[in-house]
Amino acid sequence: MARILIVEDNQSFVDALVFTLQMEGHQVWSAVSADEGIQSGLAHHPDVVVADWMLGSEVHGGEVCRRIQLACPRVKSIIMTGYVDLVSKGAWPAAGEAVIEKPFHKEDIVGAINRALSGPPAPDAFGGNDTVHFQSPQVY
Amino acid sequence: MGQTAVSSTGVDEPIGTPGDFARLQAELRLLRLATEATENGVVITAQPAASDLLPSVLYANSAFAGLCRLTSSDLAEPATGTAPSYASPSPDDPVGKTVLESHHSEGIFSTDVRVQKTECAEIVLRLRSMPLRNPSGQITHRVAIFRDITQQAALEEVARRNERLACVGLLAAGIAHEINNPTGAALLAAETALAIMDSPQAGPQVAACLQNIVKSMDRCGQIVRTLLRYSREEPSEKQACSINDVAKQALDVARPYVDGRGAELRLELDPEAPLAPMNPLEIELVVVNLIRNAVQAGNGKVIVTIRTQRTADGVRMVVGDSGCGMTHEQLARVFDPLYTTRRQLGGSGLGMSIAYGIIQGHDGQMEVESKPGIGTTVIIDLPVAAHHEEGGRPALRGAGRRAKEEHGWPAS
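Going down the list, the sequences are from chains D and L.
Using our numbering, you'd call the opening residue of the first sequence number 1 and step up by one each time.
Using our numbering, you'd call the opening residue of the second sequence number 1001 and step up by one each time.
If we strip away everything but chain D, and leave its shape as in the complex, we get:
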C-alpha cells in the first residue's frame, strides 16, 4: 500500500483514477487544482504524486511536484498528459520522474506507480546542478 496524491483538474478523471487506485489497495488523496494539490501534498507527505501537466492555471503539474518535493524530498512524481506532442518533442521539464500519456490502462498507471516506488530516490529538489540530478523522463 502506498500513499498517493492525485492532482488533476478533470473531475471525472479524478473520480475514475481515485477509485482505480483505491481498488488496488492504495491510500489516495485528490486535488483538482494546483494550489489545492500543493497544500494537500504538504499536509499529507504522500509517497507518490500523480499530477496532470495542464491544470488550467499558470502552475503546471511539474511545478506542483517540484514544490511538494521541496518539503518532502523523498516523494516520487508521475506526470500525466494528453499532449502527446510535448512528449515526442522532448519538451519535457525535468521535474517529473515519469510521464504517462492519457488515455492509459489501469495496468499502465499501476505499473508506473510500482516502478516509481521501487526506483532510485527522487532527485534533490533543493538545488545543485539540475542537469546532474534530474534524469530524463521515462515515457510509458
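Keep in mind the hints are simulated off the structure, nothing from the lab.
For glycine and all other residues, C-beta sits at the position ideal for the given N, C-alpha and C.
There's no promise every hint is true.
[What the hints assert, rightly or not] Derived CB-CB ranges, DEER-like:
#1 D:R3 / L:A1195: 39 to 47 Å
#2 D:V59 / L:A1202: 57 to 65 Å
#3 D:P73 / L:G1373: 25 to 33 Å
#4 L:E1268 / D:N114: 40 to 48 Å
#5 L:D1270 / D:R3: 25 to 33 Å
#6 D:N114 / L:V1224: 32 to 40 Å
#7 L:K1248 / D:V59: 27 to 35 Å
Use these hints to put chain L onto chain D, whose structure you have.
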C-alpha cells in the same frame, strides 16, 4: 479664348492655341496608353445630375471591357459629339452594378465582387472608387479601379478557415487533451468495474463506474459535435434566433478555455430580447472570439461580462472585460486584417476582422471602446428586420473596409 491653366512651372499660360491643343492631345494619348497598359480595370463615370439617372461612362480601359465581357467595338472611340456606345454601367452585370452602387457613396468606396469569368472559373475583383470634386466640392466624376484579387481572396479564405479551426483548437485547450481526459476516465472506470464486478458487494461501485463512463462519453460526444459544427462549411443562412441562446451556446463552447485561465464569466441576459434574423453559428463564432480576446486581455483574473438587451430596432450584445485595454493606436487598428499584438502567441490577427465581416453580413453594427488599464467593451447591434441579401458571402464583401474609411472608428 481667355481660359488659363496652371502649368508645372506655376506660370499662367493661355491654352487654346494650336500648339497647346497638340500638347494636350499628346498628354492624353500618353495617359490613355498608361491606363491601357495596366491589368486593372479602370472606368471614369460622370455623376448623374439627378439620383434617378444613371451615371454615364466617360472612359473605360480595355481591361474593364474584358471584366464586363464587352467587346472592343462597344468601347470604340465615339465620333465627336456622340455618346460612347457603352453609355452607362449595366445593373445586370455584377461589375456594372458595383459602379452604380459607388455613385451613392460620398467618399471612397471599396467592395469585393465575384465575377463568373468562364463557366467554371470565378474571379474576385476588389473595387476602389474615388470621387472627383469640382472647386465647390461637388462630386462630378468617380474613378473606379478594379483589381483582380482572386489569389489573395483564396488565401484569405484558407486563413479564415484555419482561424475557425484554430478557434476550436484553442478553446478545447488542445483537442487531444480534451478528448483524452474523458476517454482516459472511461477507460479506467471500465477496467476497474470489470475487475471488481464479481465481488458480492460490487453493485454500487460498478454503478459509480458506469455513471463515470456515461458522463465521460457524453463529454466526448460534445467535443466532437463542437468540432464538427465549426469545421463544416455551412452556407450563410439566416433564421430568427434568440441572441440569448446564442450567447449561452458560445459560453458552453468557451467554458473550458475560460475556466482553464482562471477568468470569470458573467451573463446578464435580457429576457425581453426579441428574436433577430441571424446565422446562429456565425454569431456564436463572433462571441466565442470576443470571449477569447477578453480572457487573453489580462494578466491576472479577468472578469468577462456578456450582456444582451432589446434596442429600438433590434438586439444588442455587449461583451466587456476588465483586462488591460488598448492604446489609441491599437484601437484604431483593431479591425485591420492580420493586425495582432499576439503574433508570437499564435494570434493570426484575423479574429476581429472576420467578426466584423460577419456582423456586417447581418446588416449589424460593431463598435469597440477601450481604455488602457480599464478594459475593453465590444458592442454589437443586430437589426430585427435585416435586408436579406442573396448569395451572401459576407466575409469577402469588404463592407467593413467601407464603413471604416467613411466613418472612422470611435476612440476610447
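Each hint tested on the structure:
1. D:R3 / L:A1195: 39 to 47 Å: At roughly 22 Å between Cβ atoms, A1195 of chain L and R3 of chain D fall outside 39 to 47 Å, so the hint is violated.
2. D:V59 / L:A1202: 57 to 65 Å: Violated - the Cβ-Cβ distance for V59 of chain D and A1202 of chain L, about 38 Å, lies outside 57 to 65 Å.
3. D:P73 / L:G1373: 25 to 33 Å: At 44 Å between Cβs, range violated.
4. L:E1268 / D:N114: 40 to 48 Å: Between E1268 of chain L and N114 of chain D, where Cβ atoms are some 53 Å apart, the hint is violated.
5. L:D1270 / D:R3: 25 to 33 Å: 53 Å, violated
6. D:N114 / L:V1224: 32 to 40 Å: Holds: the Cβ-Cβ distance is about 35 Å, inside 32 to 40 Å.
7. L:K1248 / D:V59: 27 to 35 Å: Cβ of K1248 of chain L to Cβ of V59 of chain D: about 31 Å, so the range 27 to 35 Å holds.
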